[in-house]
Structure formats: structure tokens, C-alpha cells
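Residue numbers (this note's numbering), protein chains in the order written: chain A, 1 to 442; chain B, 1 to 320; chain C, 1 to 325.
Hints listed in this document are in silico derivations from the structure and should not be mistaken for laboratory results.
Don't be surprised by glycine CBs; every beta carbon is placed ideally from N, CA and C.
There could be a bad hint or two in this list.
[What the hints assert, rightly or not] Heads up, simulated PhoX-like pairs for lysine-lysine below, C-alpha to C-alpha not over 20 Å straight-line: (1) C:Lys-321 <-> C:Lys-264; (2) A:Lys-395 <-> A:Lys-431; (3) B:Lys-136 <-> C:Lys-23; (4) B:Lys-272 <-> B:Lys-262; (5) B:Lys-227 <-> B:Lys-200; (6) A:Lys-168 <-> C:Lys-252; (7) C:Lys-51 <-> B:Lys-136; (8) A:Lys-72 <-> B:Lys-28; (9) A:Lys-176 <-> A:Lys-163; (10) A:Lys-156 <-> C:Lys-321; (11) A:Lys-163 <-> C:Lys-252; (12) A:Lys-24 <-> B:Lys-259; (13) C:Lys-51 <-> B:Lys-132; (14) B:Lys-304 <-> B:Lys-293; (15) B:Lys-227 <-> B:Lys-216; (16) A:Lys-176 <-> C:Lys-325; (17) B:Lys-290 <-> B:Lys-28; (18) C:Lys-23 <-> B:Lys-106; (19) A:Lys-72 <-> B:Lys-33; (20) B:Lys-255 <-> A:Lys-24; (21) C:Lys-23 <-> B:Lys-132; (22) B:Lys-226 <-> C:Lys-51; (23) B:Lys-226 <-> B:Lys-136; (24) C:Lys-325 <-> A:Lys-156; (25) B:Lys-304 <-> B:Lys-33; (26) A:Lys-156 <-> A:Lys-168; (27) A:Lys-249 <-> A:Lys-408.
[Stated by the list, open to error] DEER-style ranges, computed between Cβ atoms: (28) B:Glu-301 <-> C:Leu-275: 45 to 51 Å; (29) B:Lys-293 <-> A:Glu-83: 17 to 23 Å; (30) A:Thr-19 <-> B:Glu-301: 29 to 35 Å; (31) C:Pro-141 <-> A:Ala-99: 16 to 22 Å.
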Amino acid sequence: MSTIMITLPSLSPTMTEGTIAEWKVKPGDEIESGQVIASIATDKSTVDYESLEEGFLREIILEAGGAGPVGKVIAVFTEEADEDYSADLEAALAEETAAEPEEEAQEESSDTTTASSAPKAPVSGGAVTATIVPVSAPPAEIPGVGSLSPSAQDIKVSPAARKLAEAKRINLAAVKPATTGDRIVLNDIETLPNGYGASEAQSGSGLVGYVNRASESLTDIPLTQMRQAIANRMVQASAGVPVIYLTTKIEMDRLMDLRAQINSMEGVRISINDFIVKACGLSLAKFPAMNGAFQGDKIVQFNDVDISVAVSIPDGLITPIVRSADSKGLASISKDVKSLVGKARSNSLSPEEYQGGSFTISNLGMFGAVDSFTAILNPPQSAILAVAGTQEELKLVNGEVKSAKVCKMTITCDHRVIDGALAAEFMNALKDYLETPAKLIV
Amino acid sequence: MKNIGKEKALQMLEQMIRVRRFEEGCLKSYQQKFITGFCHTYIGQEAVAVGAMAHLTPTDAYITSYRCHAQGLIGGLTSREVMAEMFGKITGCVRGKGGSMHVFSKKNNYLGGHGIVGGQIPIGLGAAFALKYEEKEGVALTFFGDGASMQGTFHESLNLASLWDVPVIFICENNQYGMGTANDRALANPQVSDFAAAYKMKGYEVDGMNLESSYKAFGEIIADCKKNSRPALVNVTTYRYQGHSVSDAGLYRTKDEVKCWKEKDPINSFYKSMEEQGWIDEEGYKALDKEMKAEVKDALEFAKESPWPPMDELTNHVYA
Amino acid sequence: MPITEFRQALNQALEEEMIRDEKVYIMGEEVAEYNGAYKVTKGLLDKFGEKRVRDTPITEAGFTGLGIGSAMMGLRPVVEYMSWNFSLVAIDQIISNAAKMYYMTGGQFSVPIVMRGASGAAAQVSCQHSHNLESFYAHIPGLIVMAPSTPYDAKGLLKAAIRNDNPVIFLENEMLYGDMGEVPEEEYLIEIGKGDIKREGTDVTICAHLRQVGFALEAAEILAKEGISAEVVDPRTIKPLDIDLIADSVRKTKRLVVAEEGHKFCGFGSEVSALIHEMCFDDLDHPVIRVSQGENPLPYAKNIEAASLPDVQDIVAAAKKSLYK
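Excised from the complex, chain A in its bound form (with noise of 0.2 Å):
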């Protein structure tokens, strides 16, 4: 006495699923082994089915037609005639439905899975919502410009070479590809003395003093993203870059006074930094050859005077960019330098305010000591005014002696973009509008 399912067979070695195409035999009829009892249509082809098991065909589950997963019960076969079979049918369909829903169940858990422990990809277009921005990152993709800023990561070593060049501290950006004239090996380096072209901190031997004190006189202080982001972009413009400097006395107290009288006009207040942001616009477009970036194959030119300015902020500094800055009134300037200043000290600028501009100004004349300074290149601009604190000096003019109020002005050039003379002649102009400063705002 025993109730037999019939499921649904596997007929080749890829069926998953199968339909009834007929049912050769009927509730009832006795069933021998090898009796084909019905025709089941598989992937591949219809196929007569062969019972494997013998006893009484006592109920068709699966009709005619009717399709299901193989492993399905398709009837009920018992080994007698009138064998009571409903509580193993009962049993057997409700292991198959039980079956069911539980895997799905898993499935289901394991997109939650996915979904909270995966992150989710950004939505284009929303809002970054980093609130440590970086430094004025170059930006993204200029239309019809690959991307910037070659670098030390762009030169050919071959993995021995470039091994070997760190064991022996040289500054790769330093070193000329000289045996093939395209990729640096191993012959390049081993001629080279140990720490070639290394500044000191690249080389590492500045901390050499410090390692054997007792690490409690050490803090650490992990970086910061902007921290971690400053070093990269200093790195990558200090390396490898050729650079010229150079330094004019500017005479400011001609620009003092007109400042002044326009500060003195109700609700308005000029910068002195307002004014050198429109004279180096002016100067700019004057000298478009200034306001370009040096790119592998060659230059690219920037259209728009686009200006960064440095802002000194607690967790840093970011270079959020006045637009247009050569056709923009001092007013507007103003306006614009306000706003994205307190923007930047509430760490709330958005990309477009602090990527993509085409020169950089970094005033350092609010702190007076400083009577001169250099500044590292912006990459990928081509060059950046240091303007330091303003001073008192005397000066002879026609024999006497009198005093002025002098700033000193050094720009640093990519020299791969501006030669020498090109920067001279920007700096010429320069000193004309600020030392004539009607003309900045005629």
C-alpha cells in the first residue's frame, strides 16, 4: 500500500520546465512500468514520457496543456486500486507550494542585502553633497579638450626603472627619458645619483630627524580630504612643471586714494583685492596668451577670463572664481567675491563656483609682514599672481625724497605656456591699471 507522485521528469539535460502535451492514459487505468503515459514537451522537443513507476493512474494534477518546473507532481499513481491517497497528495503539493514563496522570500532578502550594503550610484545632476570641498579641481572635461595637466603619472617607466628610481629617491618628473627617448629604463636611473630631482619633502628626508623621537612627542593628524587633496594638486604642480617668477613693486597709494572716495559713497565697499582682481582681468585679456594651459600635445586657450581667487578657510584654503572678471564692473566684482567668500567659509560653494578657472590670485597683503612671496601654480593654469602685504618705503623722485605705498607682485608662469617676455609685458600692464587706477573703471 503507498501513494506514488509523479512529477515532472527531467527529459534532456537542459529542461527546467516542461508542459503537458497529452495524457495518453486516464484516472483509472493501471499503469505498467515503460507504459508511455503521456507526451511532455521539453527545450528541445516533444517527447513521450515513459512511467518508470507501475500501480493505478488514480488523478491527473497536471492537465494537458499545463506547464510546470520539472520536479512538479504531475498525478498520483497508488499501488492499489482504491488506495486512499488525498493526505499524501495534501502533503505532497503543499511541500511545492511551500517551496515556492521561500525562494522567492530569498530572493527578496538578498536584494535588501544588495541594496543596503552596496552603494548607491550617484544620481547624475543631484547635489555633491561632500562637505569638505577640494581644492579648485581642474574641471572635469573642457568641450573639445581632453583631459589637463600633464604630470609625472604621464611619463613611461618601465616597472624596473620606476622600482629602482624609488629605491633610489629620484624624482622621476626630473629624469629624461634618455635611452629611448620615449620610456624611462633602467639605464636612465642607474647613472643617476640617489635622490635626483627630489625636493626634500618628496625625498622624504626631512622627516629623517624625527623618526627615532619617542613617539609621544609625536602627534599625528590624519589629513583631511581638502588636506589629502592641497598635497596631491601641489605635488602634481610643483613636479615636473618648469616655472619662471617674476617680481614688480607696484605703487599703490594712488589706488588707496581712489578707494577711498568710492568707500566713501554710501553701501559700498571696494576691496583692494576687488581692484587687482579687475586689473589682472583687464591685463588677461589684454594678454590671452596668459590665460591658457599647457596640455601634452599642446595649449589650450581659455575664452573667458575666468579668475580664482585664493580663500584662506579653517580646514584649508579653495579658489572659488569670479567670472568674466575683465568685463565685470568693480561693483559686480565686489559683489561676486562677497558672496563666494562667505559661500567658501560656509563650505557651501558648488563645484561650478570653485572648478574651472583660468588664472589665480592669492593676496596674502592682509597680513603685513609679508613683503613678498611666490606661489605655486594652480594646475592646470598657467599662472598666478602672489600679491604681498602693502608697504611704506621711500623713494627719490626727481631728487627728493618721498614715501610710497609699495606692494610687491610676483607671478609665477608655466614656462612650457608663457615665456619670459609674454609675462613681462602682463606685468607692464598690470602695473599700469593698478598704478593708474581711472582706467579700471573707464
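Following the hints, complete the assembly by docking chains B and C onto the known chain A.
Chains B and C in isolation, oriented as in the chain A frame:
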């Protein structure tokens, strides 16, 4: 029947039923996806291997194609060992690495089931060569199908065997079809024993649907082979009831044809002969069948419950 | 140490192993009465008789399969292919049967068979008689592939091969059979999978096997005159490969040239190159250079045959290229 004797007859009947129930268990398990990959059954051909292997001694060797479950069982592997292999379990006769086509047993000199048609024929020859080299009194039964008999290895092996007097018996299990191609569409001469003359060895035609004649013929052939250290070629006429493999829908032959062959069923006819001798009755037969079914059921349970091969088995036995 | 001919070294190995183990026997075309197409088996029929030194008909699949079957039963056959080109008609036996047997029998039946013979190009034997099959056979798990370049290595490796329980593909080269080299009188074996530094150097590693080893040594001489110190590494067995030996050398020299007689695509050199790039990427001063045969069947005419085959000058040029010279 008298020459066989009751005891041997009962033993062979049991072997034939075991093979058939085992293969049915394989088919059922295949349909339930416990067995996957390829699966070729021996149903219908039982009298061939049972009749031939009944005469083997422990020294003798044997080898066959991918239709290899029966020889394993007849030669002494347990249903559990073979079924667990079908299921790909570590308890299988080759540790789950071979599956349906690669049943082997070194302790029984079973040089196994081989997957390339005709590829095993020279290996069987080599086994017999080794027996002779070591001056052992033994033969190697080399089973293959009619489909393999037109492979180069078949003819190369016959030539070498005859040339070097190797005691190998080439057994063509001529089940009428090489997969779906009827042998008269593939063999210029489907009477494969005719090739024996070409290689100057003895050729035999044997009725593989009848255990009595199969047993008798192989008794004589094996004895002659051992005595004279000469090879022989045997064409055994037989029929597989099932498709070439489980995925064969069998559209190349008629139902009438299959029915016609089933009427000559080797198990049924041998049982009838035994019944005439009074060696068994219906009750005894049913009891034996039940015993075999239970054995297969146990093997299936064993296979289901056995563990999968552990991961280190993957790279184990690549090199000796 | 006695100076011995390459074929004689192989002959000694066969004889010594046949004396040592009764289960070792030899078969192949022309190995017995003819004394071997290349005389490697010379005199063995007289010493061991027909039972153990057997001429076969020209039926490679048949006698290879026979050898495999006898090996499964415990014998240790040494099958000679007059040339490895003829093994292609037996490749199903070698790959489906010999290589897979131990694995697919769950470790029950090992197949201790050695298959040996001349491989690669000889002199103007054209398209069908010049196959280099290293990469074919080395691709298959279960096979050991040996490719000795000197009489010493040939003897030590063949003896090790015969004693090994796995199927061994033993590749020789017709052009090497007459080479002379030191072979000690006392017995020795060479560990399978252990390569050999044939010449030490510091600037570039040249990995070569079989006939290319000689070419590599000649190339090293020429390079030395130009101030380049080349190290010649002979893996001796292709599979298992002594990649550590090659890698250690590359870590020292920073450059690798792999010279092989076979074709480049999917060739042995490609495999060594990939492994070295995986293992020694940071040590390389130049991508690995493969010196190999042209991507064409090997022709008969002397001039274009020579143009297709790698030679000393090709190795010299590759070595210099790796040094950017």
C-alpha cells in the same frame, strides 16, 4: 541450461535484474535531476555482459565504453558505489570525478568506462598484452558498440592483437544503432564478425538477447582464447530499449520495432527457461525482483545522503 | 667524464632502466630490427629480445592505446614515435586516455608510460614533419612534458621519466642526436621540474629548451663580445615548469627573451611571458620578448625555411632590443 546449473543461473538472473533495476533507478533519478550530464543505460543488453563476464576469473580484465554501469555491477562493485558515482558523490567508485561514463574498479580489473567512441579498444588490447607479458593466464574482454567498429582504433587493435597473439576478446555489442544512426546506414558490413577473417582471427556471431546462448558462446570463446593465446572478435546481436542517452527522443525507430525486441527480453526469456527447469517459480522471481528493487532503493538513498566531494578533491589525482 | 653522443645517452638510459625493471619494455616503429630510425634503440633487441623490444606496425593510435592499457595493468612501456608528428594520429589516446586516467579513476589507475621521439624541425622536411608540440601537450593537466638539450640532461631525465608514474611526453630533436656531451659513468637521475642555468649572466635572461639552448649559448658568446652578459636558462621540463628559476634569473637581469622553435601564438614562450609578467612585473625593464617560428607552416625551400626558424641572430637581436640597444 543443464550446463549452466541452478546456482549459476540464479546468480546470473540476479545480475540481470540488478542491472535493469539499477538502470531504471538511474533514469528516475535523472528525471529528478539527481543525475545530470550524460547517462547511457544498459536496459535490454543485460545478457551480453552477464553471459560474457560469468566466465571471468580474478586475473582477467575487462573494459567498455561509456555504457558502463552494468560491467561495474556484474564485476563486483556494489550498487551503492556505482549509484553514488552517478550522483557525483565522494562515495562513488571514482570519487565523483567520472560520473555515469567513467565507472572503474581497479580491485576488479575493470579498466572502466570510456567516453570517446572506440578509444577504449586499444586499451583493452593493452590490458591483455600485459597479462601475457607477465605470463598470467588471463584474457581481457573489450566491449564496444557497433558504432565504434568503424573507428581506426578498432582495426588497429585487431591487427596488433592478431599480429602479437594477444589474448583479447573484442566484443561488439551490436545494438543496431550508433546513437540515432541505424548500423546499416553506418557500417558497410553490419555483420561485424566478418572483420575477424580479415585479421586472421576467429569471429563469432552471438545472440545477445538470450543469456543461455550468450553464456555458452562466451564460455567457449574465452577458453579458446586462453588456451591458444589468440584474440577473437564477437559480434553480439542485442538491443537497447531506451534511447542512446536519456535525452534521446527515439524518433529514428518505430514503436513496433522496440516492442518486437522487447518480446525477446533476455530477463523474461531466461526466467522462463529457469522456470521450465523448476529452478524458480513466480513467487521466487518476485522475491528476487523485490530484493533487487530494495537494493537499488538503498543505493539511491545512500547516494542522496552521501556528501559531495570536498574542494581538495578538485585538484587531487591530477598527477600520480 | 666520458664524452657521449646524445642518442647514446638515451640508449644508456633505456638499457639501464630495462635491466633495473622487468616491466619496462619498448615499442615503436623500427625500434627493434632496424635499431631505431635514429638509432636510439640500437642493440636493445639483441640484449633484451623480442618480448621487450617490439617493432610495431604503423599504427600509432593502436600501439599508444596498447601501451596505456598495459601501463594501467602495471607495465612501464616506453613508446617511440619515429617523430612526434605521428603522435597526432594518437592524440586522443594521449589526451583523453593517458592524461585523464588517473584523475577520472579517482586515483585508481595511474598510467606510467613514456612516449618519446624526435620533435620539431629537422632539415627541410617541410610542413607535416616539423611540428613543435610542446604547447599542445603541456596544455593538458595530467601530462609531464620534457625537452632536454644535452646528453647529460637527456639521460637523467629519461631515467626519471621511466620511473615516474605519470604519462611523460619526452621530446627530442633530430638535430641534437649527434651532439656530444659529458655523461657520468655512475647512475644519476634528474629531478623532474628542475631547470638548469646553462650559462650565468647579469644583463639579460634567455630561456630556451631543446635545440634553442645551443643557439642561446652561441648568442650569449656574441653578446659577451659586445659587453652584454646573458644568462641562459634551460627549463629542461616544460611541464611542470621551473618558473621560479626563470623568475629568479629575471629578477637579477631585469630582461627576458624566450626562444623556442614553435610558433609564437599560444606557444610556450607566451606562457613563460605571461607567468613572468605576473610574477616579476616590477622587475622588468622591457616587456618579455618571444623569439619563435613564423606563423606559417614550415616550408621546404632552404632559404624560406631558414627565414621562418628562429636562430642565433634572432636571439642576439632580441637580447639587444631588451636592453634598448
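Status of the hints after comparison with the structure:
1. C:Lys-321 <-> C:Lys-264: Given that 20 Å is the threshold and the Cα spacing comes to 18 Å, the pair holds.
2. A:Lys-395 <-> A:Lys-431: 17 Å, holds
3. B:Lys-136 <-> C:Lys-23: 14 Å, holds
4. B:Lys-272 <-> B:Lys-262: With a Cα-Cα distance of about 15 Å, the restraint between B:Lys-272 and B:Lys-262 holds, given a limit of 20 Å.
5. B:Lys-227 <-> B:Lys-200: 17 Å, holds
6. A:Lys-168 <-> C:Lys-252: 17 Å, holds
7. C:Lys-51 <-> B:Lys-136: 15 Å, holds
8. A:Lys-72 <-> B:Lys-28: 14 Å, holds
9. A:Lys-176 <-> A:Lys-163: 16 Å, holds
10. A:Lys-156 <-> C:Lys-321: 17 Å, holds
11. A:Lys-163 <-> C:Lys-252: 13 Å, holds
12. A:Lys-24 <-> B:Lys-259: Roughly 17 Å between the alpha carbons, so the hint for A:Lys-24 and B:Lys-259 holds.
13. C:Lys-51 <-> B:Lys-132: 10 Å, holds
14. B:Lys-304 <-> B:Lys-293: Cα-Cα ~16 Å, so holds.
15. B:Lys-227 <-> B:Lys-216: This hinted pair holds, its Cα atoms lying about 17 Å apart.
16. A:Lys-176 <-> C:Lys-325: 17 Å, holds
17. B:Lys-290 <-> B:Lys-28: Answer holds: B:Lys-290 to B:Lys-28 is near 17 Å, not above 20 Å.
18. C:Lys-23 <-> B:Lys-106: 19 Å, holds
19. A:Lys-72 <-> B:Lys-33: Between A:Lys-72 and B:Lys-33 the Cα gap is close to 12 Å, so the pair holds against 20 Å.
20. B:Lys-255 <-> A:Lys-24: Roughly 15 Å separates the two Cα atoms, so the pair holds.
21. C:Lys-23 <-> B:Lys-132: Within the cut-off at roughly 12 Å; holds.
22. B:Lys-226 <-> C:Lys-51: 19 Å, holds
23. B:Lys-226 <-> B:Lys-136: 10 Å, holds
24. C:Lys-325 <-> A:Lys-156: With Cα atoms ~18 Å apart, C:Lys-325 and A:Lys-156 stay inside 20 Å; holds.
25. B:Lys-304 <-> B:Lys-33: 11 Å, holds
26. A:Lys-156 <-> A:Lys-168: Roughly 18 Å between the alpha carbons, so the hint for A:Lys-156 and A:Lys-168 holds.
27. A:Lys-249 <-> A:Lys-408: 5 Å, holds
28. B:Glu-301 <-> C:Leu-275: 45 to 51 Å: Given range 45 to 51 Å: holds, Cβ gap about 48 Å.
29. B:Lys-293 <-> A:Glu-83: 17 to 23 Å: Once the Cβ atoms are compared, 19 Å apart, the range 17 to 23 Å for A:Glu-83 and B:Lys-293 holds.
30. A:Thr-19 <-> B:Glu-301: 29 to 35 Å: Since A:Thr-19 and B:Glu-301 have Cβ atoms about 31 Å apart, the given range 29 to 35 Å holds.
31. C:Pro-141 <-> A:Ala-99: 16 to 22 Å: Given a distance of about 39 Å, which is not inside 16 to 22 Å, the answer is violated.
Checked against the numbered hints above, the structure violates only hint 31.
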